[in-house]
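Q: Listed in order, the protein sequences are those of chains Y and H. Numbering of the first sequence is given in numbering that gives the first Met the number 0, commencing with residue 0 and proceeding in unit increments. Numbering of the second sequence is given in numbering that gives the first Met the number 0, commencing with residue 0 and proceeding in unit increments.
There could be a bad hint or two in this list.
Only pairs whose alpha carbons sit at most 20 Å apart, straight line, appear in this in silico EDC-like list of lysine to aspartate or glutamate [stated by the list, open to error]:
#, chain 1, residue 1, chain 2, residue 2
1, H, Lys-152, H, Glu-270
2, Y, Lys-337, H, Glu-270
3, H, Lys-170, Y, Glu-31
4, Y, Lys-55, Y, Glu-31
Label-pair distances were calculated between CB atoms; the ranges are [stated by the list, open to error]:
#, chain 1, residue 1, chain 2, residue 2, range
5, Y, Lys-219, H, Lys-242, 38 to 46 Å
6, H, Asn-254, Y, Thr-307, 21 to 29 Å
7, Y, Asn-164, H, Gln-54, 41 to 49 Å
8, Y, Gln-193, H, Ser-238, 32 to 40 Å
9, Y, Asn-217, H, Asp-232, 49 to 57 Å
10, Y, Glu-180, H, Ala-71, 51 to 59 Å
11, H, Lys-242, Y, Thr-35, 23 to 31 Å
By construction, these hints were calculated from the structure, which means they are not laboratory data. All values derive from a computational prediction rather than experimental measurement. Here a beta-carbon is modelled for each residue, glycine too, at the ideal position from N, C-alpha and C.
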Amino acid sequence: MDRSKGEVWIYAEQEDGVLSDVALELLGKGKELAGTLGVPVAAVLLGSGVEGLAAKLFEHGADKVRLVDDPALKDYQNRSYRETMIELINAEHPQICVFGATFQGRDLAPSVASALRCGLTADCTELKIGDYTDPATKEAFKNLLMQCRPAFGGNIIATIVNPRNWPQMATVREGVMKMPEATPGRTGELVRHQAKCLDGMELPVEVLEVVRTAKTVNLKGARVIVAGGAGVGSAENFKLLHELAEALGGTVGGTRAAVDLGYLEHERQIGQTGVTVRPALYIACGISGAVQHLAGMQESQKIIAINTDKDAPIFSVAHYGIVGDVCDVLPKIIKAVKAKAL
Amino acid sequence: MGYNCVVCIKQVPDTGKVTGDAMKADGTINRAALPAIFNPEDQNALEAALRVRDQHGGTVTVITMGLPAACAILREALMCGADKAYLVTDRRAAASDTLATSYILSQAVKKLNPDLVFCGRQAIDGDTAQTGPQIAEKLGATLVTYLEGLEIKDGYAYATRNIGTGTEKVKAKLPALFTVMEKCGELRPFQARLAMKYKKARAPMELAKETAEAEYAELRQKGLDIGQWTLDDIGCDLSRCGKAGSPTLVNKIVNVVLAGGEFQEFQPTDEDMGRLVGSLIADHTIG
């Protein structure tokens, strides 16, 4: 079969019958990639009693929904979901398969890639179609998935390709791709699949209990984010950030360095391996601006940077800059905000 | 009775130290300025294995893949109580991506035929979290990701997993592979007696070539030998290792030049901060 005719697949992750946001976000990107390639974009929906979710997937851009609705898929389990995905991929030969880099996606995608012996690029910040020539063999490949991700080693973005072992697989964090607008009433082709592998499958894991915890931090929905980096200096100094955030009705976030130093909780991490945010106002305090962090916040509408180093990369994405110490500057901003009685 | 536990560990550059001095003028990292450390979540993985042994007996074996310098973390693991350590080292393993790496490690793990395998959830130099799940798939072991707590009872693993939106308690069949998170518990400190003993532990490649054989035989007698495996020793299909076994290729690397941003500068004065807040209110960013 001609591999270049293969579909673009988006894994439509659902939990308890609720679609994940990242699945819908990825449909927007998937539609764009599929358009460039001239192939359909399909959402792959696995679960039990989840057919009703197809409508939402069509409205967000899916040309097809490939559905496996089976009581055996009621709860997410690595073995049943993995084997079902493998069976579908081997039957339909998609050329691209993208998963959300969620807890479930990061459990499922590597297992599928391992069995199919294909490549998988984690936490991509951009996906596009392009051509590639292997420098070793001079073999030319057209229309490959370019998988871009910041790489360790400084301000470097690496583009990864997977020219030979298809499907080309990647994961993307929630919030990285923009949620496409829904087109009410838009519809497409619903394809029902049976997964033979599920017949009599014994699962090695039994779920005994699930305890859901309410999300306490909502960075994605915040209009104002006051974020801190290692330059804040201490957990004590972070109180100033909380004070400013409170005065502005905002939320506190931070860099990975700040999280690693124990200044704030992991769920507040912004960047490539944390949350991607697009608030109306982002106040970056003591953040130097590593590319991994910028990837998660540079689309904020207004960015204020406060840093003692006037050459810090954060200033290159800032609209307003203050060269100074966070502990000196923040009290002055807090005072100014309170004076305006917001 | 007891359980045969294997822990896969990795030596990584300490990315937490990437600040100021660690950056070169061109924006790349000065690797020499970064110490190589025992990947944090792999330390939690070792602790989880040691706790199983404390409670049920058995053995804890650590494996790493890398250059002989990675023996530093194997020694650390021995000093904390691991029973045996192996280094998988082979030039032909260079440039392995996660798929090839997981294949090689799975071959090494198979040789030890464990009941329980522990990996850190992810390594701090890549954060991909792919190697653990991929080793499990290749072993045909039960995969239990994001482990936060573990009890072994009647031959089953009772595990508490983080599932992002909460936690889940599961009962898993052995053999199983766990990817371990920090919450599982901090690695116990070195034991003085073991630290004294194992600081002398060496793998053959760490020894001077001329005397390696005799020296290693002596180390083995004292139980100070770090096992060393090549790809042949663990029965690897070479087409699945190194560059040949790595489907992902780096197409290009772009240095992101971040300079000369056109931002409006404010002075850190009360007056300027008042102006700044005023302009944010004026354009309805806040208020």
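Q: For every hint, state whether the structure bears it out.
A: Evaluation of the provided hints:
In summary, the hint linking Lys-152 (chain H) to Glu-270 (chain H) is not supported, as the alpha carbons are separated by about 67 Å, beyond the 20 Å threshold. A C-alpha spacing of about 14 Å is found between Lys-337 (chain Y) and Glu-270 (chain H), which places the hinted pair at or below 20 Å, so the restraint holds. Pair hint Lys-170 (chain H) plus Glu-31 (chain Y) does not hold up; C-alpha atoms about 42 Å apart against a cutoff of 20 Å. For the proposed pair Lys-55 (chain Y) and Glu-31 (chain Y), the alpha carbon gap of about 18 Å is at most 20 Å, so the pair holds.
Under the hint 38 to 46 Å, the C-beta atoms of Lys-219 (chain Y) and Lys-242 (chain H), about 39 Å apart, fit the expected range. About 24 Å separates the C-beta atoms of Asn-254 (chain H) and Thr-307 (chain Y), a value consistent with the hinted range of 21 to 29 Å. Take Asn-164 (chain Y) and Gln-54 (chain H): their Cβ atoms lie about 42 Å apart, and the range 41 to 49 Å holds. Hint check: Gln-193 (chain Y) to Ser-238 (chain H), Cβ distance near 34 Å, so the stated range 32 to 40 Å holds.
Judged by the Cβ atoms, the range 49 to 57 Å given for Asn-217 (chain Y) and Asp-232 (chain H) holds: they are separated by roughly 52 Å. For Glu-180 (chain Y) paired with Ala-71 (chain H), a C-beta distance near 53 Å keeps the hint of 51 to 59 Å intact. The given range of 23 to 31 Å is respected by Lys-242 (chain H) and Thr-35 (chain Y), whose C-beta atoms sit roughly 29 Å from each other.
In this structure, the hints that do not hold are numbers 1 and 3, in rising order.
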